[in-house]
Amino acid sequence: MVEYAAASGPVRAVDRVSLTLAPGEFLAIVGESGCGKSSLLFAIAQLLSPPAEIVSGSVRFLGQDMVTLADEDLRHLRWRSYSVVMQSAMNALNPVMTIGEQLRDATLAHEAMPGRMLRRRSEEVMRLVGIDPVHLQSYPHQLSGGMRQRAMIAMALLFTPQLVIMDEPTSALDVVAQRSLMIQIKALQREFGFAVLFVTHDMSLVSHFSDRLAVMYAGQLVELGGTRQVFKDSLHPYTVGLMQSFPSIIGERQVLQGIPGTPPDLARPPAGCRFHPRCPHVMPVCRVEESPVFTRSDDLVRCHLYANGHGPIASIHQRHD
Amino acid sequence: MTYLLRRLEFFVVTLWAALTLNFILPRLLPGGPEVALRTRFHGRVNPAAIKSLEVALGVNNNDSPFQQYLSYLGNLLHGDFGVSIGFFPKHVVDVIMLALPWTVGLVGMATVIAFVLGTLIGIVSAWRRGGVLDSVLPSIFVVTSAFPYFWIGLICIYVFSITLGWFPQAFGSSSEVSSEWSWTYISDVLVHSILPAFTIVLTSIGGWVLTMRNNMITTLAEDYVKMARAKGLSPARIMFHYAARNAILPNLVGFAMSLGFVISGALLVEIVFNYPGLGTFLRQAVNNEDFPLMQSLFLLITLAVLLAVTAADFLTAWLDPRTRERA
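Protein chains in written order, with my numbering: chain A, 60 to 380; chain B, 49 to 375.
There may be inaccurate statements among the hints.
[What the hints assert, rightly or not] Here are the in silico distance ranges between beta carbons for each label pair: (1) A:79 <-> B:284: 34 to 40 Å; (2) A:108 <-> B:229: 52 to 58 Å; (3) A:108 <-> B:199: 37 to 43 Å; (4) A:201 <-> B:194: 42 to 48 Å; (5) B:51 <-> A:291: 56 to 62 Å; (6) A:201 <-> B:73: 42 to 48 Å; (7) A:189 <-> B:51: 30 to 36 Å.
Derived by calculation from the structure, the hints in this document are not laboratory data. Note that the Cβ used here is the ideal one computed from N, Cα and C, for glycine as well.
Construct the entire structure; sequences and hints are all you get.
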């Protein structure tokens with residue numbers, strides 16, 4: 060659970076979200092702006108800063124709970140075992156240091172290394188992401204948006220960590236650059252075998268790249284399943300709505316349908332199911348009672364439609380959380 | 049490179065404008081050196097002697113203002129600042145050299161100390177925002193900065209020198225200690241400078257604390273600081289290389305300006321402590337309508353500010369790669 064302290068009382072940005080990520084897996088988290096997906100990500104990466112804080116819950120990584128881990132121990136885990144790629148590379152790179160200096164900073168924080176080796180390592184990761192190593196001498200403002208983003212990914216790969224956390228790394232790029240970056244990320248992942256936690260609001264972008272897809276709404280996980288599965292056979296009415304709100308390249312032409320209404324104010328979420336004011340299948344129970352989570356093997360959905368074995372899929376079971 | 053050239057160009061143009069204003073302004077004042085001379089020696093010297101004095105000083109001649117302006121510029125180019133009227137027959141340069149080390153030493157050091165200390169306090173209190181340090185120090189320094197510094201100076205003299213007797217009340221050094229490079233003389237000068245320096249630091253530090261703290265808080269919210277944390281850098285490295293290094297940039301020009309104004313001396317502090325610095329001399333020059341000294345002091349102040357600002361521009365260019373190409 061992540062809450063933001065606000066004058067009017069705490070705002071719960073992430074509410075009882077539970078995820079498991081296997082080594083080498085690519086998990087995408089999608090949702091509208093303000094649904095808590097970035098908060099979830101920063102909570103996992105232990106990068107929340109006031110007024111946001113984790114009020115309860117745990118983040119288990121390599122057998123340790125990162126929430127209770129001492130700062131100093133956490134610092135050693137950072138970058139070596141998991142690294143972060145941020146949304147806007149312009150703001151995430153220090154404007155007064157060259158790319159090379161920033162790579163060196165990250166390396167030296169975890170490993171004493173002679174200058175020659177350090178340079179070789181830096182040049183290596185720059186080549187991995189397809190940037191000419193001469194740009195190690197460049198300052199961030201001298202690179203294009205795409206190159207900056209690649210430089211960030213290069214930085215994230217310095218230690219070939221087990222997990223790379225990415226917060227909408229492609230959102231500042233045009234579609235062509237987006238796609239080539241995604242292909243590159245996927246190729247690097249295949250080569251080095253790190254797991255990827257990827258947050259985006261662009262479902263079509265991750266559709267070809269992620270193994271599993273998690274859908275968040277108003278701070279809660281509403282659906283989780285294999286990417287193919289979710290695309291083909293969405294369970295939650297919100298996911299269904301999302302699917303209908305972007306065009307499919309193949310398949311016949313159809314009118315795009317948005318989801319009516321706006322996401323709720325997390326300071327005052329609606330009673331019952333948080334999606335009920337916008338849901339086309341709303342039932343009386345939805346207005347008063349929050350839905351439990353129903354699971355089918357590793358998949359998960361939070362919707363009353365699947366209560367008591369009803370609904371389209373009979374093999375769904377209720378899980379208590 | 050173009051950036052630096054443009055800054056130099058700016059420097060030259062501003063300097064010329066300042067020199068010209070410096071020529072015009074004192075001549076707009078009521079009275080004039082000849083009147084002041086006559087008043088000063090009234091009845092004691094015969095008019096012929098005054099006349100020859102005026103010729104010696106080069107005042108009250110019949111040149112047109114434009115000719116005066118040209119010879120003024122020419123004299124400046126030759127480093128000839130004229131003869132002081134108030135300290136006749138000393139040359140202005142000698143008078144200034146007498147006072148300059150005192151002011152640069154006292155006000156310069158106090159300004160540097162206030163900036164360094166204020167910036168450090170600003171950095172740390174923003175870093176531990178809401179902590180004990182942050183809730184106490186900035187508020188205290190805001191209050192002390194709001195006091196006029198001659199008043200703080202008077203209080204300091206009353207408390208630390210009259211009541212407690214820890215420090216001397218006035219002057220730059222004791223008259224019984226001879227002014228040579230001996231340890232007794234240096235320590236004597238240091239003891240004399242503590243109270244005025246403390247007064248300047250106390251009244252000027254608040255501005256640095258507040259601006260640095262605010263810049264830091266803005267910078268700490270930047271993604272690259274979050275990124276630095278994600279990289280697992282040590283807190284000190286994040287604080288100084290990522291946050292403070294960026295947060296200090298807007299403050300550099302302000303610091304340079306205040307260094308430039310060191311030359312004008314903390315006028316009131318020097319008067320309160322009877323300190324033999326430029327501020328005291330400037331006041332005397334104004335009282336005596338000592339044009340050459342006044343003009344030279346104003347010139348020195350302008351030059352110092354301009355030099356300091358240009359130095360700050362170069363420093364910013366060195367610290368912030370983005371400015372280098374902005375020209």
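Structure-based check of all given hints:
| no. | hint | result |
| --- | --- | --- |
| 1 | A:79 <-> B:284: 34 to 40 Å | 36 Å, holds |
| 2 | A:108 <-> B:229: 52 to 58 Å | 54 Å, holds |
| 3 | A:108 <-> B:199: 37 to 43 Å | 42 Å, holds |
| 4 | A:201 <-> B:194: 42 to 48 Å | 44 Å, holds |
| 5 | B:51 <-> A:291: 56 to 62 Å | 58 Å, holds |
| 6 | A:201 <-> B:73: 42 to 48 Å | 46 Å, holds |
| 7 | A:189 <-> B:51: 30 to 36 Å | 32 Å, holds |
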